[in-house]
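*Asks:* Here are the chains, one letter per residue:
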Amino acid sequence: MPSADPLLTVRNLRIAFDGIETIRGLSFDVRPREVLAIVGESGAGKSLTARALLGMVPRGATRSGTIEPDLAAQRGRRISLVPQDALSALSPVHRVGDQLAAAVRSVARVPRREARRRAVAALDRVGIPDAERRARAYPHEYSGGMRQRAVIAMATINEPDIVVADEPTTALDEEHRDQVLRVLAERSEAVGAALVLVTHDMEVVRAHADRVLVMYAGRLTELGPADEVLTRPRAPYTAGLLASLPEHAPRARRLPFLPGTPPAPGTLPPGCAFAPRCPLAAGPCHETEPEPQQVEERTLACHHWPELPHPATELFHE
Amino acid sequence: MSDAALLDVRDLVVRYGDTTAVDHVSFTLAPGETLALNGPSGCGKSSTALAVLQLRRPDSGEVRFEGRELTTLTESELRPVRPRMQPVFQDPYGSLSPRHRIRDAVAEPLRIQGQRPTRTQIAELLDRVGLDPSYGDRRPHELSGGQCQRVGIARALASEPRLLVLDEPVSSLDPSVRAGVLNLLADLQDDLGLGYLFICHDRAVVRHFAHRVIEMRDGRISSG
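Sequence order for the protein chains is A and B. Take 1 as the starting number for the first sequence in full-length UniProt numbering and just add one per residue. Take 1 as the starting number for the second sequence in full-length UniProt numbering and just add one per residue.
Hints were generated in silico from the structure; no laboratory data involved. Fair warning: there could be bad hints in the mix.
Which bits of chain B does chain A cover? Going by a derived footprint, with three or more residues having C-beta under 8 Å, they are [to be verified]:
#, segment
1, 178–184
2, 196–206
With beta-carbon atoms standing in for the labels, derived distance ranges [stated by the list, open to error]:
#, chain 1, residue 1, chain 2, residue 2, range
3, A, 14, B, 78, 54 to 64 Å
4, B, 203, A, 189, 23 to 33 Å
5, A, 296, B, 220, 47 to 57 Å
6, B, 11, A, 107, 57 to 67 Å
7, A, 130, B, 60, 37 to 47 Å
8, B, 130, A, 14, 32 to 42 Å
9, B, 223, A, 307, 38 to 48 Å
10, A, 264, B, 120, 22 to 32 Å
Idealized CB from N, CA, C, for every residue including glycine.
Given these sequences and hints, build the entire structure.
*Replies:* Below, the structure is given as structure tokens:
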């Protein structure tokens, strides 16, 4: 799908709190029906970016740049959110089926009975057993995995163009994670929606993503086809993230790892924000922030990308 | 084997009402060894950990630690044993009081034993886990998840234990941070000869980090 028009374009997105920029000029597209993963360490701005797509910028923040089209007013209709914590997405005082039916009726004039039928069908499609009866239960009567399925049912019931999922399985144990992610990917595909998937789990990226956006300190570090980025990272930061995974590690007692921590907003070093942790940093890295550039199918922000060895994860071996 | 074992668990049973959470589980752990308990949630791995620590008294079975049977000891008899077997929990923030300074959190196990740790002692403990001693003056919310978990480890080390029971110690951490904490645990084990009972659901982490793995399912050992 190389030439498909993007569903959503983000250009030079900046989000600041009290004048301190947390998202610092981010540009990317969301393409129709793709799974776009957003990865990076805690604090990179992944969730903030994902929520900005929905127009959900926290109070007190200032936003500039463009997100086209602006779907904020069509939340629940053309774009929807699957948050990390399903309990916060569902009302504790209403039956799950009623909440789904209300979601249907919030965007379409359908009779109650029809909305209710769709709600039960949606629960059934995400694998809730005995959906007819379960629709009459309250969220607290659901297990964690079932609740997250119900939220997926709600997020896809109106067949949006984009489903944004913010660490949707972090609160679940490993057994349920895979199932819930599979349901999320399947349902998004079935309704023809693109899935923007915020995660810090590279295994999730490998299993589900078409493209991956790697973020560092509120900027793009690397963006490209997921399989290529994972097997041949071209930005040192991506390589560092991959190197620290035990499945990639050499058989040694100590894991390779990315030393240091990401800079806090407002305490950025001059030049590239990753330079203090980067084994390749030299010269311009300490002076100017690298601008994203197109290299084949990849978008990269690194002064030294041509010098990256292969496999690049070796940069971080001790 | 059982003479040299740091920990020798036999036929451990833990029940909650009608549910048998741990069903005749037996294993041994040598000094300097990491034994992983792996399995899905609800398989009984955390209940096993609690029973080993005698934080939940097992319904039957033996827990022999440094050659001493613990299940028959009274609470006051356990008191001198507890410092030698320390837990480290999953949620690094949840296991630290938000109101206490890091220094006090690390000192707490020693205070409970009636000691009054010096600033130097605390600084050494923080240094041991790779934190600058200045962190002693901070509070948990000023620390990252990885730093908090290092504090949790420093606190566990304060009483000079022989066994650490690590219940999902890296599960809530970013992979990059996780690698640093796992390396720290490996270094501490090499330096101090600690035994680790390592509870973790992540197979890749277990394969990398543990010397031996026990797979649990429905309260029983399914392989290992």
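*Asks:* Which constraints among the numbered hints does this structure fail? Numbers only, ascending.
*Replies:* none
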